[in-house]
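Engineer: Heads up: the protein sequence lines correspond to chains A and B, in order. Under full-length UniProt numbering, the first residue of the first sequence is numbered 1, with each subsequent residue one higher. Under full-length UniProt numbering, the first residue of the second sequence is numbered 1, with each subsequent residue one higher.
You may find that some hints are simply not true.
Treat identical chains as interchangeable: a pair holds within one or across any two.
What the hints assert, rightly or not - Keeping only pairs whose Cα atoms sit at most 35 angstroms apart, straight-line, the calculated DSBU-like set for lysine-lysine is:
id, residue 1, residue 2
1, K102, K145
2, K393, K145
3, K19, K141
4, K393, K102
5, K102, K317
6, K393, K141
7, K102, K312
8, K312, K19
9, K141, K317
10, K274, K312
11, K141, K102
12, K145, K274
13, K141, K274
14, K317, K274
15, K393, K274
16, K145, K312
17, K393, K312
18, K19, K274
19, K19, K145
Keep in mind the hints are simulated off the structure, nothing from the lab.
Okay, here's what each chain looks like letter by letter:
There are 2 protein chains.
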Amino acid sequence: MTTFENNFTDAEYYRRIDKTRAAMAAAGHEAIVVTDPSNMSWLTGYDGWSFYVFQGVILTHEGDPVWWGRGMDALGARRTVFMQSDDRIRGYDDTYVQNPEKHPMEDLAWILADLGLEGARIGVEMDNYYYSATAHAELGKALPKATLNDATALVNWQRAVKSEREIEYMQRAARIVEAMHARIFELAEPGMRKNDLIAEIYATGIRGADGFWGDYPAIVPMAPSGLDATAPHLTWDDRPLETGEATFFEIAGAHRRYQCPQSRTLFLGDVPQKYRDAENAVLDAIEAGLEQARPGNQAQDIANAFNATLNKAGFEKDSRCGYAIGISYPPDWGERTISFRRGDTTVLEPGMTFHFMPALWLDDGGLEITEPILITEEGHECFCTTERELWVKS
Amino acid sequence: MTTFENNFTDAEYYRRIDKTRAAMAAAGHEAIVVTDPSNMSWLTGYDGWSFYVFQGVILTHEGDPVWWGRGMDALGARRTVFMQSDDRIRGYDDTYVQNPEKHPMEDLAWILADLGLEGARIGVEMDNYYYSATAHAELGKALPKATLNDATALVNWQRAVKSEREIEYMQRAARIVEAMHARIFELAEPGMRKNDLIAEIYATGIRGADGFWGDYPAIVPMAPSGLDATAPHLTWDDRPLETGEATFFEIAGAHRRYQCPQSRTLFLGDVPQKYRDAENAVLDAIEAGLEQARPGNQAQDIANAFNATLNKAGFEKDSRCGYAIGISYPPDWGERTISFRRGDTTVLEPGMTFHFMPALWLDDGGLEITEPILITEEGHECFCTTERELWVKS
């Protein structure tokens, strides 16, 4: 039915579905409608850049999930989802696309009614990506007997502990991000246009590494220099790299939609003492954080150890220093569940994966030295072997 | 205040704001909160990959707009927006980020109240990207005296007619997409891994053309082959290009966030008659559509002429055959306003820009030959000079 090599066995999809159903039952949902593309993909295998129109996956307590989306994308669904039966794929008419006269949620309501869910308690992802305020209002209007309850992040939480196959894909993505960083270090030099360097980063990431092809990262490369690096999320232009400036590279390798982000910082020229001090503080604080990265500890233990060590060295970081990672689509490579910050009491389990992201933004630049990690039975492993230090070329 | 070269003059931003205020007044909005990143950028110049957290631009009928977002992104706002005064940039605490315990809309409500809008009629983009159902509910809860009305696409519509500078950026993006297509034709051959070709497409697009740097396209390259090309939005893997298959390349050049999408199809080997027939039908139908692309005509005139010609040749296309383009952020490079389809009676004006997108998906493959166009005083211009035909390498 498809020429795609499925990314996972049917058995793995059914394990995910069972896990999700248990969470649905606990929350009292008779069905859920999942609109976050990462959740759609995790539950069914669906893979396509079609999330700019409304689409979703319907999961009840019986039978295979139903993929729902734009009619033309039903063809892409047939080629990527694990469900074999054509009645599990439902496409809507193209006149519903970006048309103020009619809303695709009307079509979704018909399908839900057709599945016997006209009066059901249905969970919807009220605060996940691509489920708009209008979508929610229109769905409610079209299904007046149903009760729409909030199921934000319900599926995201089921994704936290990774399977062996998922970890394998993240390890392949780790090889890719290592190759991307190596290429940066090889090529970056004063006078090089930033966009030319980004072009090389992209090309390396998509060629892949170790024989494994590169997929698109859920966030584009961020690589600001000098004062621009005081801000975290600027992208690039054509200004050349300059001596005396630090540039941080916040990038990810990706394989079959699994993301392995990692940041490093490159200083061109003689490193000012302030940057050396910041580097030492961050490296010590990373060690302190990693010591807490083991099953049974809480997410906040890592943040607290990290922050205590950083503060002792005279530096401050107000923002969270890590988050869960795995399968992802734009606009975010995080899972939007667990954060490394004070107050997050989630208990770490083997198979959980995080981007430990202790970025420091200074008054005249930025320093990002980060580690994607896997929680193991004994403690943790870093996904990457990238040299953990401030890189310098002079 | 910023090392960025502003993409537009302050005067141009004020023209946009005046235009938007007139539309606000007509709709009865005392203020609007714009959360679509393309609208945020068009109104203020803000540019950063931070739309995975809640953020927005507040515009009232007096004074400069206010940028609102995550505290760490306020630094990026300072470096990219045209507003000079620090009180026009408001950042929220990092504990609001992806935290089920508290929602950033609470912070937005305080700022709106601080601006005297506690009881105002406020327009919100209920059906634009990144404004979730929860965001809407939380904002309403935190501002009980305000009236939240729908302002979906209000700003998008103001973007329809482009300024000279905007057209210049799109022309630069056109040179870039031409270079990307030329590189595809140069390199593609049987046995080449698809991801290796995509790596070259990316690198070419980001290096840029004619001395102008390439920005990231709002959609990643789509390049399915053979049966996968019966579906429109699949991305890539490492399966090699094969003789006897068509691959379509739906890609965009981008410069300073302005997008110029264009698709071409490459057949490797001897072209079956069916593809030649489809090619001829599409080329004739494009000509027929372009004849209608002139000021005073309606958007549907292009679609109707296109479809009539296509049908005469025995082919059908159910979906729309074009949409407005300009500045854009993921997940879509369209403006989500005007569509080329039956029933869209929007009157074409000089300065409007579209992706005329007459893709055909056949039962064993796809054919995409598309043209980005500018409506001129006299008629239209195609942005690109890319050879308009089915490309063949044998």
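Engineer: Taking the hints in turn, state whether each one holds.
Structural biologist: So, going through the hints one by one against the coordinates:
Within a single copy, K102 and K145 get their C-alpha atoms as close as 21 angstroms, and across copies as close as 30 angstroms, so both meet the 35 angstroms cut-off. For the identical chains of this complex, K393 and K145 are neighbours neither inside a copy (66 angstroms) nor across copies (58 angstroms), given an alpha-carbon limit of 35 angstroms. In the homo-oligomer, the alpha carbons of K19 and K141 lie at most 35 angstroms apart both inside one protomer (31 angstroms) and across protomers (33 angstroms), since each shortest distance falls under that limit. For the identical chains of this complex, K393 and K102 are neighbours neither inside a copy (58 angstroms) nor across copies (44 angstroms), given an alpha-carbon limit of 35 angstroms.
In this assembly of identical chains, K102 and K317 lie within 35 angstroms of each other by CA distance solely across copies; the values are 20 angstroms between and 47 angstroms within a copy. Within a single copy, K393 and K141 get their C-alpha atoms no closer than 61 angstroms, and across copies no closer than 53 angstroms, so neither meets the 35 angstroms cut-off. Within a single copy, K102 and K312 get their C-alpha atoms only as close as 59 angstroms, which misses the 35 angstroms cut-off; across copies the closest is 30 angstroms, which meets it. In the homo-oligomer, the alpha carbons of K312 and K19 never lie at most 35 angstroms apart, since the shortest distance is 43 angstroms inside one protomer and 53 angstroms across protomers.
In this assembly of identical chains, the alpha carbons of K141 and K317 lie at most 35 angstroms apart only when taken from different copies (31 angstroms versus 45 angstroms within one copy). For a Cα distance limit of 35 angstroms, the shortest separation of K274 from K312 inside one copy, 15 angstroms, qualifies, whereas the shortest one across copies, 72 angstroms, does not. In this homomeric assembly, K141 and K102 come within 35 angstroms of each other (Cα to Cα) both inside a single copy, at 13 angstroms, and across copies, at 28 angstroms. Proximity of K145 to K274 under the C-alpha cut-off of 35 angstroms is found in neither arrangement, the shortest distances being 63 angstroms within a copy and 50 angstroms between copies.
In this assembly of identical chains, the alpha carbons of K141 and K274 never lie at most 35 angstroms apart, being 59 angstroms within a copy and 46 angstroms across copies at closest. Proximity of K317 and K274 under a CA criterion of 35 angstroms is satisfied intra-copy only: 16 angstroms inside one chain copy versus 62 angstroms between copies. With identical chains, the CA atoms of K393 and K274 are at most 35 angstroms apart within one copy only, with a shortest distance of 17 angstroms there and 57 angstroms across copies. In this assembly of identical chains, K145 and K312 lie within 35 angstroms of each other by CA distance neither inside one copy nor across copies; the values are 58 angstroms within and 47 angstroms between.
For the identical chains of this complex, K393 and K312 are intra-copy neighbours only, at 29 angstroms inside a copy versus 65 angstroms across copies, given an alpha-carbon limit of 35 angstroms. For the identical chains of this complex, K19 and K274 are neighbours neither inside a copy (49 angstroms) nor across copies (48 angstroms), given an alpha-carbon limit of 35 angstroms. With identical chains, the CA atoms of K19 and K145 are at most 35 angstroms apart within one copy only, with a shortest distance of 28 angstroms there and 42 angstroms across copies.
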